[in-house]
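Chains A and B, in that order, are what the protein sequence lines are.
Read left to right, the first sequence gives residues 140 to 506 (my numbering).
Read left to right, the second sequence gives residues 24 to 356 (my numbering).
The hints are simulated quantities; they were obtained by calculation from the structure and are not laboratory data.
The model shown is predicted, which means the values in this text are computed figures rather than measured ones.
Certain hints may be false.
Stated by the list, open to error - Quick list of simulated restraints, FRET-style, between CB atoms:
(1) Ser80(B) with Ala413(A): 42 to 50 Å
(2) Ala494(A) with Leu62(B): 56 to 64 Å
(3) Asp86(B) with Ala438(A): 57 to 65 Å
(4) Ser80(B) with Asp456(A): 32 to 40 Å
(5) Pro416(A) with Pro313(B): 29 to 37 Å
(6) Ser80(B) with Ala251(A): 23 to 31 Å
(7) Asn356(A) with Arg342(B): 36 to 44 Å
(8) Asp86(B) with Thr434(A): 22 to 30 Å
(9) Asp308(A) with Val65(B): 50 to 58 Å
(10) Thr71(B) with Pro416(A): 43 to 51 Å
(11) Ile58(B) with Asp456(A): 25 to 33 Å
(12) Thr372(A) with Asn181(B): 24 to 32 Å
(13) Ile140(B) with Ala203(A): 47 to 55 Å
What the hints assert, rightly or not - To spell it out: a stretch of chain A is covered by chain B in this simulated footprint if at least three of its residues, at any positions, have a beta carbon under 8 Å from a beta carbon of chain B; those stretches are:
(14) 206-213
(15) 220-229
(16) 366-375
Said to hold, decoys possible - Taking beta-carbon pairs under 10 Å as the criterion, some of the chain A residues facing chain B (in silico):
(17) Val357
(18) Gly358
(19) Glu359
(20) Gly361
We put the CB at the ideal spot given by N, CA and C, even for glycine.
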Amino acid sequence: MKTALRTGALASATVLTLALAACSSGTEASVSPGSTSDTVATLSGELSGAGASSQEKAQEAWKATFEGEHPGVTLNYDPVGSGGGRTQFLDGATSFAGSDSLMNADEYASAATRCDGTSGAIHLPMYISPIAVIFNLEGIDSLNLSPDVIAQIFDGKITRWNDAAIAADNAGVDLPDAAITVVHRSDESGTTSNFTDYLEKASSAWPYAHGGEWPNNVGEGGPGTSGVVDLITGTAGTIGYADASRAAGFGTASIKVGDSWVAFSPAGAAAAVAASPLAEGANGANDLAYKLDRTTTAAGAYPLVLVSYIIMCQQYDDANERALVTSYVEYMASDEGQSVAASAAGSSPIGALGAEITGIVETIAAG
Amino acid sequence: MTATEAPVSAEFAVGKRDLANSAFASTSRAAAVFILVILAAVATFLLTEAWPAMTASSADLADKVSWLGTASNETLLAVIGYLVYGTIFISAFALLIATPISIGIALFISHYAPRRIASGLAYVVDLLAAIPSVVYGLWGAFVLVPALLPALQWLERNFNWFPLFRGAEISDGTTTVGTGRVALSASIILAIMIMPIITAVTREVFLQTPLLHEEAALAMGATRWEMIRMAVFPYGRSGMIGATMLGLGRALGETMAVYMILSPGLSYSFSLLEKSAHNTIAANIALKFPEADSEGVSALITMGLALFAITLLVNMLARWIVSRRAEFSGANG
């Protein structure tokens, strides 16, 4: 009995201390605006999201640091895939979704009923990753490949490395007289979807519609990014595509943008996104759903890029849920969040978009 | 439990013995019923989950499931057809490779090797069965396939006339074998994986051959090989078939190894050396599951149902063969 009392006293003392500490940090936050958020101190509870597996690594890193900063918060991100993530979000099972692709009209409509009020849900680009075209050729680190040439290689129309079409753009490179082995993803992936979308839009030689499944029977499939990378590592004469974070050690292609050759870079990826218009049918000015312009000619832009979004409501009826979602999204979009993702997943920082997202989220946070 | 509490001394009370008896009987009966319930539960689950995909119109389904209708407007049934073919094709070759070698090892252990070597070898074979399949997959992808590649290329160059090794046009230097991730590589890995179980079962069966049969054969002047042919094989035939079918069952359902070392594709190709031409049901489910939405999962479970039916058929066939030859069987009776 005595011990129980004492424990109780201890517990309440701890709570009191914590509350005091919370108060003080709250005041601090309001003194210096621009730090994460002034709701920091009161954050607690469980926040769940689900969706694109492309974000998985970044989400794991975000979860670790965010939970470290807010000990009362438990974050769950289930990498079920973009479609599954949107379904769970629209069913109300999760507070936000991660998605490599945009909602269609039906999903926008059901988001309007799922979310509180009438403002529906919005996309916020949170994870940008350039996709590198990588190859394994002894002694060659870089090749200039135009969209048409890439499309023909991946469609099995160009089968030799010393093909005239490749040689024409690569004067001075000693191309080997060897067969090209195309390597692609054997599982469904956002990387494949963006790669084929690029080929479809930027080249005239790609006869297939874009999609997450590899569309033809050319070449060989490996499971996951690792499967593709391992295959390319192991065999000379291979060419494939992978998240830029895995391109180290391989030869990479500079792609033709306008009249110049652009190698992949974080800045180039961010530039390509910035140069893209918003998609038609977007849900107002807050909805940063990009229709990626694969044929952009903006200087330095690298349009072969994957953009993964966070989909969230513009209004949440539960104040705590709203606080959790908005501070987490603000954290992800912050410079700190983006650099955490960059070091964990090799993504490209979203740059200036971060400030824009913070502005949008603040209107939501205010309720 | 009650049995252990009973006095171990001279006489058991009759009532207590009966109680122990009936308790044991009902426990054992419950265990038997339990496995049937599990089987029924799995079958029900597969049927209910697969139902939406099985009843949906194929156009509807192709609309919702990304891996349907991509390459050439395939329906779910067509895809399952390819996969069933791929599964059986690859497993059959695995069996073709594994069975003779396994029987050889089993015979060596049971009838040729000196006792000490035999027990050591038997132990090693059992150890092989304990290696997880993902380890076989990794080993296959990083060690075996690269090592096999020259042999596969040689086969392709020199035996192109043989249907099983036929490649596409190899004139322009593009090889059909590619990086070696072809059906033959998968079959070889599967063969290595199912060898331990076939060896272990056949070894036990061979060891059960009545000594009198063997001695009678030897006494009539038979050589050791003739003795094995006349006494051991006829006696162990049903056991050998049962062991092979157990191996086939494992090969059919093997996921990770195939997932990791085969470049998947869909076709009815009869060539073991054609890349991106085959896939198995289990590997395909593993491949497509992570990104599947509810319709996709339903379609994948339909495939699972097909695999369930195939393995059920294989096992029923095995049982039927074994029971037909029951008169020989000492081990499986």
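Here's how the hints hold up against the structure:
no.: 1; hint: Ser80(B) with Ala413(A): 42 to 50 Å; verdict: 43 Å, holds
no.: 2; hint: Ala494(A) with Leu62(B): 56 to 64 Å; verdict: 59 Å, holds
no.: 3; hint: Asp86(B) with Ala438(A): 57 to 65 Å; verdict: 40 Å, violated
no.: 4; hint: Ser80(B) with Asp456(A): 32 to 40 Å; verdict: 39 Å, holds
no.: 5; hint: Pro416(A) with Pro313(B): 29 to 37 Å; verdict: 32 Å, holds
no.: 6; hint: Ser80(B) with Ala251(A): 23 to 31 Å; verdict: 29 Å, holds
no.: 7; hint: Asn356(A) with Arg342(B): 36 to 44 Å; verdict: 40 Å, holds
no.: 8; hint: Asp86(B) with Thr434(A): 22 to 30 Å; verdict: 28 Å, holds
no.: 9; hint: Asp308(A) with Val65(B): 50 to 58 Å; verdict: 56 Å, holds
no.: 10; hint: Thr71(B) with Pro416(A): 43 to 51 Å; verdict: 46 Å, holds
no.: 11; hint: Ile58(B) with Asp456(A): 25 to 33 Å; verdict: 49 Å, violated
no.: 12; hint: Thr372(A) with Asn181(B): 24 to 32 Å; verdict: 29 Å, holds
no.: 13; hint: Ile140(B) with Ala203(A): 47 to 55 Å; verdict: 54 Å, holds
no.: 14; hint: 206-213; verdict: violated (count 0)
no.: 15; hint: 220-229; verdict: holds (count 5)
no.: 16; hint: 366-375; verdict: holds (count 5)
no.: 17; hint: Val357; verdict: 8 Å, holds
no.: 18; hint: Gly358; verdict: 7 Å, holds
no.: 19; hint: Glu359; verdict: 4 Å, holds
no.: 20; hint: Gly361; verdict: 7 Å, holds
Hint violations for this structure: numbers 3, 11 and 14, all remaining hints satisfied.
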